[in-house]
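Protein chains: 2
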Amino acid sequence: MHQIDIERIERDINALAQFGFNEADRGIYRQGFSEADMAARQWLRDRFDELGMAHRMDGAGNVIGRYGPDDRPCIMIASHLDSVPAGGIFDGVLGVIAGLEVVRTLQQAGIEPDFPIEVVGTSEEEGRFGGMLGAQAMTGHLTREWLDSARDEHGHALKDAMLAVGLDPHDALHAYRRPEEIKAFLEIHVEQGPVLDMEKTTIGIVEGISGVFKWNCRLIGKADHAGTAPMHMRSDALMGMVDFAHEIQRIIDEEGTDKSRITIGHVACKPGFPHTVPGEVDFTIVGRDLDVDVMTALAEACERVLAAIARRHKLRFEYEQMSWLKPAHCDPELMQLIEAKTRALDYSYKIMPSGAGHDVQFFCGHTKAAMFFVPSVGGVSHAPDEWTHWSDIERGTQLLLECVMELVCEKVEA
Amino acid sequence: MHQIDIERIERDINALAQFGFNEADRGIYRQGFSEADMAARQWLRDRFDELGMAHRMDGAGNVIGRYGPDDRPCIMIASHLDSVPAGGIFDGVLGVIAGLEVVRTLQQAGIEPDFPIEVVGTSEEEGRFGGMLGAQAMTGHLTREWLDSARDEHGHALKDAMLAVGLDPHDALHAYRRPEEIKAFLEIHVEQGPVLDMEKTTIGIVEGISGVFKWNCRLIGKADHAGTAPMHMRSDALMGMVDFAHEIQRIIDEEGTDKSRITIGHVACKPGFPHTVPGEVDFTIVGRDLDVDVMTALAEACERVLAAIARRHKLRFEYEQMSWLKPAHCDPELMQLIEAKTRALDYSYKIMPSGAGHDVQFFCGHTKAAMFFVPSVGGVSHAPDEWTHWSDIERGTQLLLECVMELVCEKVEA
Numbered sequence: 001m002h003q004i005d006i007e008r009i010e011r012d013i014n015a016l017a018q019f020g021f022n023e024a025d026r027g028i029y030r031q032g033f034s035e036a037d038m039a040a041r042q043w044l045r046d047r048f049d050e051l052g053m054a055h056r057m058d059g060a061g062n063v064i065g066r067y068g069p070d071d072r073p074c075i076m077i078a079s080h081l082d083s084v085p086a087g088g089i090f091d092g093v094l095g096v097i098a099g100l101e102v103v104r105t106l107q108q109a110g111i112e113p114d115f116p117i118e119v120v121g122t123s124e125e126e127g128r129f130g131g132m133l134g135a136q137a138m139t140g141h142l143t144r145e146w147l148d149s150a151r152d153e154h155g156h157a158l159k160d161a162m163l164a165v166g167l168d169p170h171d172a173l174h175a176y177r178r179p180e181e182i183k184a185f186l187e188i189h190v191e192q193g194p195v196l197d198m199e200k201t202t203i204g205i206v207e208g209i210s211g212v213f214k215w216n217c218r219l220i221g222k223a224d225h226a227g228t229a230p231m232h233m234r235s236d237a238l239m240g241m242v243d244f245a246h247e248i249q250r251i252i253d254e255e256g257t258d259k260s261r262i263t264i265g266h267v268a269c270k271p272g273f274p275h276t277v278p279g280e281v282d283f284t285i286v287g288r289d290l291d292v293d294v295m296t297a298l299a300e301a302c303e304r305v306l307a308a309i310a311r312r313h314k315l316r317f318e319y320e321q322m323s324w325l326k327p328a329h330c331d332p333e334l335m336q337l338i339e340a341k342t343r344a345l346d347y348s349y350k351i352m353p354s355g356a357g358h359d360v361q362f363f364c365g366h367t368k369a370a371m372f373f374v375p376s377v378g379g380v381s382h383a384p385d386e387w388t389h390w391s392d393i394e395r396g397t398q399l400l401l402e403c404v405m406e407l408v409c410e411k412v413e414a
Numbered sequence: 001m002h003q004i005d006i007e008r009i010e011r012d013i014n015a016l017a018q019f020g021f022n023e024a025d026r027g028i029y030r031q032g033f034s035e036a037d038m039a040a041r042q043w044l045r046d047r048f049d050e051l052g053m054a055h056r057m058d059g060a061g062n063v064i065g066r067y068g069p070d071d072r073p074c075i076m077i078a079s080h081l082d083s084v085p086a087g088g089i090f091d092g093v094l095g096v097i098a099g100l101e102v103v104r105t106l107q108q109a110g111i112e113p114d115f116p117i118e119v120v121g122t123s124e125e126e127g128r129f130g131g132m133l134g135a136q137a138m139t140g141h142l143t144r145e146w147l148d149s150a151r152d153e154h155g156h157a158l159k160d161a162m163l164a165v166g167l168d169p170h171d172a173l174h175a176y177r178r179p180e181e182i183k184a185f186l187e188i189h190v191e192q193g194p195v196l197d198m199e200k201t202t203i204g205i206v207e208g209i210s211g212v213f214k215w216n217c218r219l220i221g222k223a224d225h226a227g228t229a230p231m232h233m234r235s236d237a238l239m240g241m242v243d244f245a246h247e248i249q250r251i252i253d254e255e256g257t258d259k260s261r262i263t264i265g266h267v268a269c270k271p272g273f274p275h276t277v278p279g280e281v282d283f284t285i286v287g288r289d290l291d292v293d294v295m296t297a298l299a300e301a302c303e304r305v306l307a308a309i310a311r312r313h314k315l316r317f318e319y320e321q322m323s324w325l326k327p328a329h330c331d332p333e334l335m336q337l338i339e340a341k342t343r344a345l346d347y348s349y350k351i352m353p354s355g356a357g358h359d360v361q362f363f364c365g366h367t368k369a370a371m372f373f374v375p376s377v378g379g380v381s382h383a384p385d386e387w388t389h390w391s392d393i394e395r396g397t398q399l400l401l402e403c404v405m406e407l408v409c410e411k412v413e414a
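In order, the protein sequence lines correspond to chains V and A. Counting from 1, position 41 in the first sequence corresponds to residue 41 in the working numbering; the numbering is continuous, with no gaps. Counting from 1, position 341 in the second sequence corresponds to residue 341 in the working numbering; the numbering is continuous, with no gaps.
Hints in this document: simulated from the structure, not taken from any laboratory. Predicted model, so just to flag it, every value in this text is computed and none were measured. Be a bit skeptical, because a hint or two may be false.
Claimed, not checked - Calculated pairs, DSSO-like style, for lysine-lysine (alpha carbon to alpha carbon, straight line, at most 30 Å):
1. A:326 - V:270
2. V:214 - V:368
3. V:214 - A:326
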């Protein structure tokens, strides 16, 4: 059996961690199209050079290295090089470096793949400009209008950010890859959640990316003096929110699955004074499930419950659906391959949804695509203390190698 | 029977409404020691002049007009002339103008009181600097240290505000009135709550000012990605607050009275992002009751419930008691007098607590003091659309006259 080399992986991940590293909080600041992000992309191209791989940066900023024959569809191993502000060293990077290590291991073993391998460091996955630019570009989920209008939270235009690093924004539309160019898409990523770590499980085989809806909700009652208004004469908007929050678990129990999530992440009372009964409360609801019908049922239940609570508390209820992203399902054959290889390696595993978004979600439905996780210690991610044990990185990369070796070999019909 | 004149009252209230009136929102901006506030005080002194009353401004800015003999304890009729920002035209002003009208009516009837009447426009009742300066000064609830250190929410020092209008802050300590100088203290005020208006009742005889405690609370859990953290693996701080809020009515039912209030007026989630499980929630609790033992029981129940919820949700609970003000009880004999006069006038009434603070609370315990309310339409106050029907103003002032006429006359023992 061919073995990947964890020391090379560790060296590469640590090398990439220098790009955008901030001494003060020890976080990575490598936001899409920043100087650090572009330097990391050049670093990756230098590694492709070392391995003698053909490489290029496409119009969306994706860096693509190719190993193997020119005329056949590729096995694409991809994840992102950009980070959130104050991010960790593994998020995205793992999927790129694992791809590099797979090619390295095959080369050293003298294996010539029948199908080419493409290792891709995708661009702007973390949504600085509100999308997943690199993956969207490759799968045809971009429009000129969006490219022209997208801005980050500070008001900086995507097109200006791209022009500043020498990219023509409209060239992103040339990054499109036809489905028949890609035989399979694989992504390995840190879980960014607590499940594998808490359950002492090595591999999470992702069955799909949960769909997600986001609502901005408002309950409107009447602001009153907290001393003069008796409890039973109030129209306390916060108490409406509280009653709804109290029903969340019931809604999931009745309408959802163990993959359902409903979260209130933001609450603001108006006027927000300690001595005033809140006349208005603004809050967000983010709901998720892997099944679009379940998502719909959850959303309908939220609306029904909020409307009933508003009536009971003499409140007005308004909401605006800010987004509704359908679930994406991984390819069953690729999932079976991953599962078979995981069993062969005798790693513990579970089949699970991804509650977070990933590059892979745009490739699901476009081509055969799949993903697997390795554990995040304590579930921490998007923070400087994100961590995954090197032994789990090693196992995940070995699993990737086994899958890729199967995929790059021409099947000889019996 | 002598009758007060509602037309004179309406004229005076409208005249005072010009001081600090803001055309844009039609609110009154007459914060303590502002130019408008001081002009209103001068206006009141001019009215005292018209009635031939002795008058002065004490070291705290209270404007005091006196009618009757010099050598006997007074019947003090007081309320405040300052307003909150964007306040209404009746809050405080009613109690001063009603006192003026009582003196006017007695003068016109040729009644020479056996005991003097003092009509007082108190200073800084609305707490721009965090206290009720005028009433505290007259009743000995001031310290030099507080006078030197108090600041408003914009950081302006009380002492600078007083110096700017020609007052020496330390002179406020000379405003103290010995209890034996005051035979009785009476305040008429708009209710600033919905009870009288909803119950179609004319007079609210105040049995006391509810005590109040204010806590800044914090529940600390763990911020997680709202997609990757399953519901049962979260330490969602907001859900702890929600569980507590859900218990408020039960706590009042079990430990409180119909005069109890518990309010959460402010909530802030950290980080406060829609896609992040709140790792921390800061919120305020304001509790009130008229009985100090009930207040204590409510506070203890809040602490017990929050500690239990914190354990259940794997959260840490912290709180800081920002203030604890004991209830103040009105004088039973004065309450009986008001009740008897209300019955004689055949006005509907109820005996009720005041959930809001008023000048009277510092006179309770210092001397015999009592207060009564007239209805606020819709319970609205501290807002430009604060309103009380003129017919209720008329009845309230007539009631005040009846009470004062009883109090200023020497009782001849049989």
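Hints, one by one, checked against the model:
1. A:326 - V:270: 28 Å, holds
2. V:214 - V:368: Holds, at roughly 28 Å.
3. V:214 - A:326: Given that 30 Å is the threshold and the Cα spacing comes to 45 Å, the pair is violated.
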